[in-house]
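Q: Sequence:
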Amino acid sequence: MLFIRAVRAAHSAPLMLDPKLIRETPDVVRAAIAKKHLEVDLDAVLAIDAAWRNQLHEVEALRGKQKSANTAMAALPKGSPEFQAKLAEMRAVAAQVKELEARQKETEEKFRTAMLSLPNLPHASVPEGRTPEQNVVFSTHGDVTAVSTAAKPHWEIAGFEKLFDFARGAKVTGAGFPFYVGDGARLVRALLQFFLEEDTKAGYLEVAPPIFVNAASATATGQLPDKEGQMYETTPDHLYAVPTAEVPLTNFFRDEIVDEAALPICRCAYTPCFRREAGSYGKDVRGLNRLHQFDKVELLKWVHPATSYQELDKLRDDAERMLRKLELPYRVLLMCGGDLGFAQSKKYDLEVWSAGQKRWLEVSSCSNFEAFQARRAQIRYRVKETGKPELVHTLNGSGLAVPRVLAALLENNLQADGRVKIPTALVPYFGKEFLSFA
RNA sequence: GGAGAGGUGGCAGAGUGGUCUAUUGCGGCGGUCUUGAAAACCGCUGUGGGUGCAAGCUCACCGGGGGUUCGAAUCCCUCCCUCUCCGCCA
127 MLFIRAVRAA
137 HSAPLMLDPK
147 LIRETPDVVR
157 AAIAKKHLEV
167 DLDAVLAIDA
177 AWRNQLHEVE
187 ALRGKQKSAN
197 TAMAALPKGS
207 PEFQAKLAEM
217 RAVAAQVKEL
227 EARQKETEEK
237 FRTAMLSLPN
247 LPHASVPEGR
257 TPEQNVVFST
267 HGDVTAVSTA
277 AKPHWEIAGF
287 EKLFDFARGA
297 KVTGAGFPFY
307 VGDGARLVRA
317 LLQFFLEEDT
327 KAGYLEVAPP
337 IFVNAASATA
347 TGQLPDKEGQ
357 MYETTPDHLY
367 AVPTAEVPLT
377 NFFRDEIVDE
387 AALPICRCAY
397 TPCFRREAGS
407 YGKDVRGLNR
417 LHQFDKVELL
427 KWVHPATSYQ
437 ELDKLRDDAE
447 RMLRKLELPY
457 RVLLMCGGDL
467 GFAQSKKYDL
477 EVWSAGQKRW
487 LEVSSCSNFE
497 AFQARRAQIR
507 YRVKETGKPE
517 LVHTLNGSGL
527 AVPRVLAALL
537 ENNLQADGRV
547 KIPTALVPYF
557 GKEFLSFA
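Residue numbers (this note's numbering): 127 to 564.
Keep in mind that the hints are not guaranteed to be accurate.
[Said to hold, decoys possible] Here are the simulated lysine-lysine pairs, DSSO-like style, with alpha carbons at most 30 angstroms apart:
1) K146 - K514
2) K193 - K212
3) K204 - K224
4) K278 - K451
5) K558 - K327
6) K224 - K236
7) K353 - K236
8) K547 - K327
9) K484 - K558
10) K212 - K231
11) K327 - K440
12) K288 - K547
13) K440 - K510
14) K278 - K484
15) K558 - K278
16) K547 - K451
17) K146 - K191
18) K353 - K297
19) K278 - K297
20) K236 - K193
21) K451 - K288
22) K440 - K451
23) K353 - K231
24) K231 - K514
25) K212 - K191
26) K547 - K278
27) K191 - K236
28) K193 - K224
29) K231 - K191
30) K558 - K288
31) K236 - K146
32) K231 - K193
33) K278 - K288
34) K451 - K484
35) K547 - K484
36) K204 - K193
Since the hints were derived computationally from the structure, they do not count as laboratory data.
Work out the full structure: start from the sequences and follow the hints.
A: Spelled out as structure tokens, the structure:
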């Protein structure tokens with residue numbers, strides 16, 4: 127039932143790539159898809175497209191016939207023999223239209239489904255590569271070796287379970303839904319406040335969005351139909367708990383035309399994020415590394431296509447700045463073609479150094495979607511010179527995700543006496559200089 | 001949750017089966033007049049698809065979906081949303 131709804135929403139939505147791009151320069155599209163190391167039968171898509179256009183022409187010709195017959199019949203007296211003759215003739219045409227239209231709609235649905243299988247095309251600056259190992263280390267910040275001797279994984283810190291109560295969370299809800307208690311809760315609140323203040327200072331307008339969305343919204347940002355099993359879904363209203371604030375935020379301007387002068391539009395939003403993480407059990411799930419519910423501030427931009435890559439650099443730097451202020455060592459990865467998401471044109475990952483686990487934790491992912499999401503969500507701006515609407519480019523990135531920043535902070539700042547030193551920039555928000563597990 | 005009223009272009013607001021190719025007004029754009037502006041007057045006005053080098057031509061769109069009919073903004077079914085009143089409630 128729900129699946130049908132979702133699919134219907136997807137098909138009524140416009141396509142994700144410009145069909146003209148595929149018709150006119152199929153080789154460019156083929157090369158771009160190859161860079162993402164995805165298997166797509168473009169020729170099949172083109173064949174369906176050609177069939178659909180043929181059928182469209184047939185239907186249009188018949189509809190034109192109906193239209194002119196209409197005006198003719200309107201001028202004739204109802205009972206006249208001419209009227210009767212025309213009526214009989216048009217009865218047959220109507221039946222034909224009905225049949226052809228049904229066939230054409232069927233083909234159109236096939237075409238849309240095929241189009242949904244086509245990924246967004248990677249930007250020219252995206253490095254070649256198939257696996258995560260082939261991502262490029264774009265930059266590294268801070269000293270990774272300095273704090274590594276005394277550190278231990280955060281879940282092994284004495285008293286950890288008092289502030290981060292996983293056992294009771296599991297009892298009350300399930301695994302991956304911890305309670306944050308005392309200084310634990312206080313630190314979460316301090317980080318969120320810090321992030322929102324920093325983002326607001328950087329020019330992002332704060333928004334508190336709904337944390338449930340409908341199927342149409344989830345489809346526009348690409349959660350549906352592909353990732354349906356990754357979201358929590360409500361009964362009986364069939365709403366989805368947001369996996370990220372990106373979903374409600376991006377949909378804010380869905381089906382709207384914004385002012386060209388208003389671009390770039392920059393917004394930030396805190397929401398809890400809900401992810402089922404189906405299929406990821408047993409892997410990197412200890413402690414705060416991977417949760418079903420976590421807190422995150424998301425950064426989102428709607429920009430003019432001409433400036434979207436400069437805006438991506440700025441967005442990435444806005445996210446990075448917070449890690450610098452928190453004095454956490456981190457690195458920036460530039461994702462290679464094979465590790466880029468389906469919808470992204472270019473993506474940077476920010477990874478914070480986890481001194482106790484001795485590994486990098488992803489805390490932000492900054493992406494340019496170009497017009498991919500905007501086409502699906504029909505978000506456009508009016509070009510002043512031509513007066514015509516054009517698709518905006520959308521960008522987003524975390525700014526930042528709380529639990530992994532928290533994990534790194536606990537591990538990197540653990541003192542010999544068992545307390546955790548709060549970074550100077552965070553002290554005004556936390557209210558004290560040390561977090562205590564006692 | 002109950003009862004009622006509605007949903008039409010950027011906005012306001014007509015239209016209840018047939019030149020609707022959606023009346024009109026406001027706003028916006030262009031022009032005439034003017035030293036300049038205002039006023040007045042004249043013209044233009046949305047979105048998407050297909051086709052074409054282009055001008056253009058063509059089809060669809062009156063909240064969404066479906067149906068009746070030769071023909072639907074208009075009639076029927078269904079879903080969504082808004083407003084008013086009642087009830088409940090943080």
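Q: Please go over all the hints and tell whether each is borne out by the structure.
A: For each hint, the structure was consulted:
A C-alpha spacing of about 18 angstroms is found between K146 and K514, which places the hinted pair at or below 30 angstroms, so the restraint holds. With a C-alpha separation of about 13 angstroms, the suggested pairing of K193 with K212 holds against the 30 angstroms cut-off. Note on K204 and K224: the hinted pairing holds, with a Cα-Cα distance of about 25 angstroms set against a maximum of 30 angstroms. With a C-alpha separation of about 23 angstroms, the suggested pairing of K278 with K451 holds against the 30 angstroms cut-off.
For the given pair, K558 sits about 23 angstroms from K327 by alpha-carbon distance, which is consistent with the 30 angstroms threshold. Taking the CA atoms of K224 and K236, the gap is about 19 angstroms. The hint holds against a cut of 30 angstroms. Annotation: proposed proximity of K353 to K236 holds, straight-line Cα distance about 20 angstroms (limit 30 angstroms). At most 30 angstroms may separate the alpha-carbon atoms for a hinted pair to count; K547 and K327 meet this at roughly 25 angstroms.
Taken as a hint, the K484 and K558 pair is honoured in the structure, with Cα atoms around 28 angstroms apart against an allowance of 30 angstroms. Distance check on the hinted pair: K212 and K231 sit about 28 angstroms apart at the alpha-carbon level, within 30 angstroms; holds. Using a Cα cut-off of 30 angstroms, the hinted pair K327 and K440 holds, with the two alpha carbons roughly 14 angstroms apart. Pair hint K288 plus K547 holds up; C-alpha atoms about 18 angstroms apart against a cutoff of 30 angstroms.
At most 30 angstroms may separate the alpha-carbon atoms for a hinted pair to count; K440 and K510 meet this at roughly 25 angstroms. Distance hint between K278 and K484 is fulfilled; the C-alpha atoms sit about 9 angstroms from each other, no more than 30 angstroms. In summary, the hint linking K558 to K278 is supported, as the alpha carbons are separated by about 23 angstroms, within the 30 angstroms threshold. A hinted pair counts as satisfied when its Cα atoms are at most 30 angstroms apart, and K547 with K451 qualifies at roughly 14 angstroms.
Between K146 and K191 the alpha-carbon distance is near 29 angstroms, which keeps this suggested pair within the 30 angstroms criterion. Only pairs whose Cα atoms come within 30 angstroms are accepted, and K353 paired with K297 is accepted, the gap being roughly 27 angstroms. The suggested pairing of K278 with K297 holds, with an alpha-carbon distance near 27 angstroms, which does not exceed 30 angstroms. With a C-alpha separation of about 28 angstroms, the suggested pairing of K236 with K193 holds against the 30 angstroms cut-off.
Pair hint K451 plus K288 holds up; C-alpha atoms about 28 angstroms apart against a cutoff of 30 angstroms. For the suggested pair K440 and K451, the alpha carbons sit about 16 angstroms apart, so the restraint of at most 30 angstroms is met. For the hint pairing K353 with K231, the CA-to-CA distance comes to about 26 angstroms; that is within 30 angstroms, so the pair holds. With a C-alpha separation of about 28 angstroms, the suggested pairing of K231 with K514 holds against the 30 angstroms cut-off.
For the hint pairing K212 with K191, the CA-to-CA distance comes to about 12 angstroms; that is within 30 angstroms, so the pair holds. Our distance criterion of 30 angstroms between C-alpha atoms is met by K547 and K278, whose separation comes to about 15 angstroms. Between K191 and K236, the direct Cα distance comes to roughly 27 angstroms. Compliance with the 30 angstroms bound is thereby established for this hinted pair. For the hint pairing K193 with K224, the CA-to-CA distance comes to about 15 angstroms; that is within 30 angstroms, so the pair holds.
Between the alpha carbons of K231 and K191 the distance comes to roughly 20 angstroms, so the proposed pair stays at or under 30 angstroms and holds. Of the pairs offered as hints, the one joining K558 and K288 holds, with about 19 angstroms between alpha carbons and a cut-off of 30 angstroms not exceeded. Simply put, K236 and K146 have alpha-carbon atoms about 17 angstroms apart, close enough for the 30 angstroms limit, and the pair holds. Of the supplied pair hints, the one linking K231 and K193 holds, its CA atoms being roughly 20 angstroms apart against a limit of 30 angstroms.
For the hint linking K278 to K288, the alpha-carbon distance of about 17 angstroms falls within 30 angstroms, and the restraint holds. About 21 angstroms separates the Cα atoms of K451 and K484, which keeps this hinted pair within 30 angstroms; it holds. Between K547 and K484, the direct Cα distance comes to roughly 19 angstroms. Compliance with the 30 angstroms bound is thereby established for this hinted pair. Our distance criterion of 30 angstroms between C-alpha atoms is met by K204 and K193, whose separation comes to about 18 angstroms.
Violation of the numbered hints given earlier is absent; every hint is satisfied by the structure.
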